[in-house]
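**Student:** Sequence:
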Amino acid sequence: MGKRKSRMTAKPKQLAPKLETDFTCPFCSHPGSVQCGIFLKERRPFAVASCSICKESYATKAHALTEPIDVYSEWIDSCREANEGVVAPQPHGPHLDGEAKRRKTQDDGS
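Using this note's numbering, the final residue of the sequence shown is 122, and nothing's skipped along the way.
Hint data in this document are derived by calculation from the structure and do not stem from the laboratory.
Some clues are possibly wrong.
What the hints assert, rightly or not - Quick list of simulated restraints, FRET-style, between CB atoms:
id	residue 1	residue 2	range
1	27	73	28 to 34 Å
2	88	57	18 to 24 Å
3	30	52	15 to 21 Å
4	44	23	56 to 62 Å
5	25	94	30 to 36 Å
6	65	96	46 to 52 Å
7	27	67	31 to 37 Å
8	28	71	37 to 43 Å
9	17	56	57 to 63 Å
10	33	54	47 to 53 Å
11	26	89	28 to 34 Å
12	58	23	38 to 44 Å
13	44	99	17 to 23 Å
14	18	58	54 to 60 Å
What you are looking at is a predicted structure, and each value in this text was computed from that prediction instead of being measured.
Every residue, glycine too, gets a C-beta built ideally from N, C-alpha and C.
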């Protein structure tokens, strides 16, 4: 005679990790200062991300699947697009360090 088959116990379902709702501001760099709000009950659904420190904000269209991370990511993407092609200013004149000043005066004196 054989052994009876044992029943396997059901494993509890693993819950999906919760997504963040507070983010770092791309303008003032304060962590946790950006909150996102999604307003679907309006005539035209929209989402807003705003910084509580520097008062910068971003608004976009929203739909039923929009999450706060989507709004924040879209804000970061639009900031990158706006900064494309912008060249950072180069230091000149009074910003030269001691070694560069010495070389400049040696070149002028020669």
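**Student:** Provide an ascending list of the numbers of those earlier hints which the structure does not satisfy.
**Tutor:** 4, 5, 6, 8, 10, 13
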